[in-house]
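If you're matching them up, the sequences are chains A and B in order. Heads up, the numbering used here is the position in the first sequence plus 161, with the first residue counted as 1. Heads up, the numbering used here is the position in the second sequence plus 872, with the first residue counted as 1.
These aren't lab readings, by the way, just hints derived from the structure by calculation. There could be a bad hint or two in this list.
[What the hints assert, rightly or not] Which residues of chain A face chain B? A partial, calculated answer using Cβ under 10 Å:
(1) P254
(2) T257
(3) F273
(4) V281
[Stated by the list, open to error] Okay, the calculated beta carbon distance ranges per label pair:
(5) V238/A to M1307/B: 58 to 66 Å
(6) S1319/B to R225/A: 35 to 43 Å
(7) K904/B to S223/A: 21 to 29 Å
(8) L1032/B to V238/A: 21 to 29 Å
(9) P1257/B to F264/A: 52 to 60 Å
(10) F262/A to T1062/B: 21 to 29 Å
(11) D206/A to A906/B: 38 to 46 Å
(12) S223/A to M1307/B: 17 to 25 Å
Where a beta carbon is used, it is the ideal one built from N, C-alpha and C, also for glycine.
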Amino acid sequence: MQSHPYTWNYLPLLIQVVVAAGLGLAIVGLSWLIGRGRASKAKLDAYECGVPVEGDARGRFSVRFYMVAMLFILFDVEAVFMLPWAVIYRHLPVLTGSRMFGFWEMVVYLGFVVVGIFYVWKKGILDWTNDRGDL
Amino acid sequence: MNGSMTVLRILPEIIFTLTGVAIMLIDPVMPKQASRKPLGWLAAFGALAALIASLYQYSLPVGTAYFGVVQTDAFSVFFHVLISGIILVSALVVLDAVHPDTESLGELFALMSFGAVGMLLMTSGVELLLVFIGLEISSISTYILAGFRRKTAKSPESALKYFLLGSFATAFFLYGIALTYGATGTTRITDIAAGLATSHALPIAVVGLAFIVIGLAFKVSAAPFHLWTPDVYEGAPSPIVGLMSTAPKAAAFAVLLRIAYEAFPQLQNHWMPLLWILAAVSMTIGNLGALRQKNVKRMLAYSSIAHAGYLLVAFTVLSTDGVAAASFYAVAYAVMNVGIFAVISHAGGYEDRLTLIEDYKGLAYRSPLLGGVMAFFLLSLIGIPFTGGFFGKFYVFAAAIHSGMIWLAIIGLLNSGIAVFYYLRVLTATYTKPMDSSPVLNVPRVSAPLCLAMALTVAVTLVLGIIPGRVLSMARHAAETFPVFSTQQTPVPGTASAVMAAINTKAR
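All chains, full assembly: derive it from the sequences and hints.
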């Protein structure tokens, strides 16, 4: 087998970059060349998923959305950590050299998650209609 | 693997974690109006327990745990003791300075404990990824703590600046780790040196090391990565500044020492000039900047930049003396800085009633105790004999001179001269008799936790200044854990180590 420089391994990547750029340029360029370019109000409006545009983007909304979104990301990320654990759970006794080590580590981890939920709950952040929530 | 031994190796971290979790669990179930001060005492006792656990760790044999990611040796335990002590004093200072119904006081104590976990992991981690996680835990806690007076304008501003620049620096650190991994095939600090020896990509390792140094230089606020420091210290609550100008810095210095001497000893010729420049620039910019400040906290911010510079001088000394001097200086600086911020937190309060140097006029007449303690720590920051600051500077410059860093030592000594001026300005203000027309300085009664905090810091500063032998030998012992130094056991006559040894025995 012929040996070639290590960087040749990246050749497919280069091809992909060229194809992607070429495709983009071709589509935009061709529609600019061939298209008839008749502007109308509907065409020049801001694109809003096909729905007629309504109101201003700079509206005010409750800070609670931000709290809920933040909590969602937090617990979402915490749940993500359980996936790799579940995948290699069967191999953990061999990997760690102890039969129940992997299990108890996850119990400790979930314990911390539960502490977090307890804290959030008691602080009244999950209570949507509660104005006393510690925001 | 011995199970109980494994747990003992991270005992202080476990204690801080459980303290923080306990505070988080108790705080929401307490009645809304109840005082949160008991939670502060809980944090203080947690820190005390962690301090005792750290001292206990001295009796453990050197070794690693959790698949080799944490290592307890004399070096990590030395910094464990220091950081736990700082957290203890800071908890007491916060207890004294804050009003009992300050908003979310419970969280403040929980965040202090969690931050401590990160700092401890930074010093005992020998896996760069664990060090990074520790850095993040400690940084995120301090970002939030900096913005704790959220109804004011300055405090959130300081938190935001700290957060944006801090995350940027952390990204540098992480990129440095990635490049190091690329060059050596490992992120284990203890294996990097061996990886470097066989590496074919040394330039990449050099770039990686440079990025790691940039990230850490930011965290210790060494010039030219210091720009955030004055603004952040000015806006953050004073008791918190006392904490974040000492404990995370000590941890970052420990990481820098470990990375420089344990992971990259072969690249000495690359990092030594780099740190030389950082040291010289930090000392000069810190001291010249402090001269022009009217605000006491801003002045102390520049002074902390200067002190980071003095500490970096010790890094350029490529021997156990350098590492020992750096570790000793870290203790001396941390104790006197957390001490002076205890006084400022009490006199100025959590709400920053006093900000300018003139505001401190007549402090010694209103409260001789506070004035006296303030004067003592200012003298220690200058480096007057019989204080920890003196021996800190002495060991650093002695080590620098003996290893041929004459110019760096000269720059450092000139800077120490400049520093006298601005520290004395505060000192004279403190002891100026207030004019009859000036408003009466209102200083609240000195409380028990503050007395305890001041007594602890003054006592340690005096011990470091009068009988430094024991701490210095602990620092030397810490320095000897690095494999680079294990070959040079006996001190050669006429070298710095021989001089140090002589001083050492005399001091005992």
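These are the hints, each one checked on the structure:
1. P254: violated, 13 Å
2. T257: holds, 8 Å
3. F273: holds, 7 Å
4. V281: holds, 9 Å
5. V238/A to M1307/B: 58 to 66 Å: holds, 59 Å
6. S1319/B to R225/A: 35 to 43 Å: holds, 39 Å
7. K904/B to S223/A: 21 to 29 Å: holds, 22 Å
8. L1032/B to V238/A: 21 to 29 Å: Given a distance of about 23 Å, which is inside 21 to 29 Å, the answer is holds.
9. P1257/B to F264/A: 52 to 60 Å: holds, 59 Å
10. F262/A to T1062/B: 21 to 29 Å: About 23 Å separates the Cβ atoms of F262/A and T1062/B, which means 21 to 29 Å holds.
11. D206/A to A906/B: 38 to 46 Å: violated, 57 Å
12. S223/A to M1307/B: 17 to 25 Å: For S223/A and M1307/B the Cβ distance comes to about 53 Å; the hint is violated.
The structure fails hints 1, 11, 12 (numbered hints given earlier, in ascending order).
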